[in-house]
Amino acid sequence: MSRPLTMPLLILALASLAAMVLSVGIGSVSVTPGEVAAVILGEGSHLQQTLVLELRLPRTLSAFATGGLLAVAGALMQVLLRNPLADPYVLGLSGGAAVGALLAMLAGLGGLIVSGSAFAGAMLATLMVFGLAHGTGSWTPSRLLLTGVVVAAGWGAVITLMLAISPAQRLPGMLYWLMGDVSYARSPWPALVLLFLVCLLVVPLGRSLNVLARGPMQAAALGVSVRPLEWMIYILASLLTATAVTMAGSIGFVGLVVPHMLRLVLGNDQRLILPACALAGGTLLVLADTLARVVIAPEQLPVGVITALLGVPTFLYLLYRSR
Amino acid sequence: MNPLQAQELVIDIPGRDDGEALNFSVQPGQIWGVLGPNGAGKTTLLHTLAGLLEPRQGAVFLGENSLNELKRRQISRQLGLVFQDRQDGFPATVLETALIGRHPWLSPWQMETGADERIARRALEQLDVAHLSDRLVNTLSGGERQRVAIATVLTQAPDTWLLDEPTNHLDLHHQVSVLQLLTEQARAGRSVFMCLHDLNLAARWCDHLLLLFPNGEACWGPAKRMLVPAALERLYDQELLTVEVDGAPLFVPVKH
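Protein chains in written order, with the UniProt record's numbering: chain A, 1 to 323; chain B, 1 to 256.
In case anyone wonders, no lab produced these hints; they're calculated from the structure. Please read all numbers here as calculations on a predicted model, not as lab measurements. Cβ coordinates follow ideal geometry from the N, Cα and C atoms, glycine included.
Quick partial rundown of chain B residues pointing at chain A, CB under 8 Å, derived from the structure: (1) Arg72; (2) Pro91; (3) Gln156.
So that you can see chain A by itself, here it is in the shape it has in the complex (with noise of 0.2 Å):
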């Protein structure tokens, strides 16, 4: 609208590039901002170099990445089921992507074949609400809503029912994967490529979203053509979400809280909130990650907790506050 969209987004970038400095620099050893540029740009000695590009990075850009991610898709769901308290998550989402990775594990598989099952999981479980949701009826918020509750409380069953089978050895990698964690993620730049298409994407359909907020008919009547958008911005935000499910389990609340509190400051263009959404996310979860690491080192903590005790009492408190 008339207020300037980019000084948002510009300190939003800076509190990310800090953030991430800040990660790379925090360990057990420590390396000051200086030094990471010069790492960066191809310095500093050959400790440092492992540390900060192959140790370090990696992580802190899968936190970002995931973190980004899990926030668009929060605030695609929010504009898709027109409920400003949906998560990425409610679908059901994370829960076949558990269900899947799970048994991978117990399968006694690891590494690649853990995420693409999680991937598959998370894909199914998409399938699977929308199909059921689809049902003989038409297609409504509400009946979405409770279809990916219901199919979710399902993915939990199947889920403790895993756990109390499998043999107690497995059961930490297990545990670890269904709080969130990303130590266990690879490359992060498939989900950054992504994340940054999808903040690109939002520019030309952004006004759209912002129509579709105010309800499916007003946004017919204002020509755009509700159902093409709906289905896209549902497959959309579940490639994100199991994308990032994928990268790094099931990390709770960035996609509630972050969304619903830019809103608070930034308003409701959606123009503006899901590249603010993509930043913030990420910032917010590489600060989570960092704590993971640090706060009872040498032990790491899944940084789902982290997000988890942040987001429980933020979010309450929001909900207590609105009207």
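With chain A's structure known, arrange chain B on it following the hints.
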């Protein structure tokens, strides 16, 4: 402008027989009123005419083209609709709400410019809600929200206005000023098609009327010919007294 036309149109009301197929054309400069009791299908008719609901039979035309052949965007440049109820999941200001009326006119890559904002602000002024520009819509009174909704369609600037109970929640003065605004729109060569509950407002401001009976029966024509007390009594299942004021009939329900 392209006149809005219903051809052999049967609206789809679940559990009701087809009734009478509608054949009418809303010409530039005309103001149509739709009268009927609760549940007669006034809103369904309006949504069908806007292409938001599929008819059971027949078609709606904008000029030469049936709505099915047109893209939503093309329709929305010619046809505006004021809904009876609005949902607001997310908070938005009054100015933002009016500005979405510009959506059909902007390409996906365009941002709203100062010119768009001026159009929206002018519409808010005309509806007497400009002083509320920065307020959140969900904090407004029912009547204020109604006027913001009308301002949004004024910003959209369609040739054909469809309105669902535009005088709902409005005080007497604002009822009159909204109907006055619609009359000006019609004088400027646009057309207006609205559902009304108030028989007397319809009698005073509409030049054409469509009576919609709950069983699917319907009749339409110039207002003078349609304002027959016996037909109106049957329409509402209510005895009426008719008096003449200011050269126009005034209908008063009989009190027992």
